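**Q** All chains, full assembly: derive it from the sequences and hints.
Protein sequence lines correspond, in order, to chains V and L.
In this text, residue positions in the first sequence follow the numbering used here: the first is 1, and each later residue adds one.
In this text, residue positions in the second sequence follow the numbering used here: the first is 1001, and each later residue adds one.
One thing to keep in mind: the hints can contain errors.
As the list claims (entries may be wrong) - Distance condition first, Cα-Cα at most 25 Å in a straight line; then the derived BS3-like pairs of lysine-lysine:
hint : chain 1 : residue 1 : chain 2 : residue 2
1    : L       : 1032      : L       : 1071
2    : V       : 50        : L       : 1132
3    : L       : 1076      : L       : 1032
4    : L       : 1011      : L       : 1071
5    : L       : 1076      : L       : 1031
6    : L       : 1132      : L       : 1076
7    : L       : 1132      : V       : 55
8    : L       : 1085      : V       : 18
9    : L       : 1011      : L       : 1021
10   : L       : 1003      : L       : 1032
11   : V       : 50        : V       : 18
12   : L       : 1031      : V       : 18
Simulated from the structure, these hints should not be mistaken for laboratory data.
If you're wondering where the values come from, they're calculated on a predicted model, not measured in any experiment.
Given next are the chains, with one letter for each unit.
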Amino acid sequence: MVQAEMVEAMEFQALSSKHNVSGVPQTTINDGAANVVGAVPESNMLAELKRITGK
Amino acid sequence: MAKLLNADVVKQIEDAFAPMKEAVQLLYFGKKANCDYCADTQQLLEELAPISDKLSLDIYDLEADADVAEKFSVDKAPGIVIAAKDGDAVSDFGIRYAGIPSGHEFTSLIQDILLVSGRDSGLSQDTRDFLKNLTEPVLMQVFVTPT
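**A** See below:
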């Protein structure tokens, strides 16, 4: 139920622009419901997922 | 055609893959036009797959094999799916690459193959609990640049 996709920003510029990617890595969740910039600890990512799914 | 992986790198990968217990299936999706990195990505995977007998590679075309692409939710080329293989059954763990896995991303590719082979996410109990209660699909796209 979770899909995790590496997206190479140079090859997919339209998608990168759509999500205002500047600093990498940027993790865009559910097409922009959340954006996490940088390599963050698992707990940070989990907090964002909980926030946007309300779980 | 010159090899993308030299003998030293192949040896390192061989060592990294040696402990692999369970089989991994790679699915590659390319397209014929407007895909600057398709040929190199396909070649990279064709050089990588034979390094372990636990690793298999199937090559698909995004357009000609649209049904397979849809089944695996792949819409970008070059696209890679890293899945688990148990006998003839392929289990999708939701891991995708869009674009050529070069530089640091090549290391990530190797690590993801090992992760899928281990059949365990390595995540915390909190995260596992969250995932168990998840009722809607989640898409996480990690944008990277080649270094």
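**Q** Are the hints correct? Go through all of them and say.
**A** Consistency of the hints with the structure:
Among the hinted pairs, residue 1032 of chain L with residue 1071 of chain L is consistent with the structure: their alpha-carbon atoms are about 20 Å apart, no more than 25 Å. Using a Cα cut-off of 25 Å, the hinted pair residue 50 of chain V and residue 1132 of chain L holds, with the two alpha carbons roughly 13 Å apart. Taking the CA atoms of residue 1076 of chain L and residue 1032 of chain L, the gap is near 12 Å; set against the 25 Å cutoff, the hint holds. Between residue 1011 of chain L and residue 1071 of chain L the CA atoms are separated by roughly 34 Å; this puts the pair beyond 25 Å, and the hint is violated.
With a CA separation close to 9 Å, the supplied pair residue 1076 of chain L and residue 1031 of chain L stays within the 25 Å bound. For a cut-off of 25 Å, the pair hint linking residue 1132 of chain L to residue 1076 of chain L is broken: about 29 Å separates their Cα positions. Between residue 1132 of chain L and residue 55 of chain V, the direct Cα distance comes to roughly 11 Å. Compliance with the 25 Å bound is thereby established for this hinted pair. For the suggested pair residue 1085 of chain L and residue 18 of chain V, the alpha carbons sit about 35 Å apart, so the restraint of at most 25 Å is broken.
Between residue 1011 of chain L and residue 1021 of chain L, the direct Cα distance comes to roughly 18 Å. Compliance with the 25 Å bound is thereby established for this hinted pair. Straight-line distance between C-alpha atoms of residue 1003 of chain L and residue 1032 of chain L comes to about 21 Å, which keeps the hinted pair within the 25 Å bound. In summary, the hint linking residue 50 of chain V to residue 18 of chain V is supported, as the alpha carbons are separated by about 24 Å, within the 25 Å threshold. At most 25 Å may separate the alpha-carbon atoms for a hinted pair to count; residue 1031 of chain L and residue 18 of chain V meet this at roughly 23 Å.
Of the numbered hints given earlier, the model fails hints 4, 6, 8; all others are met.
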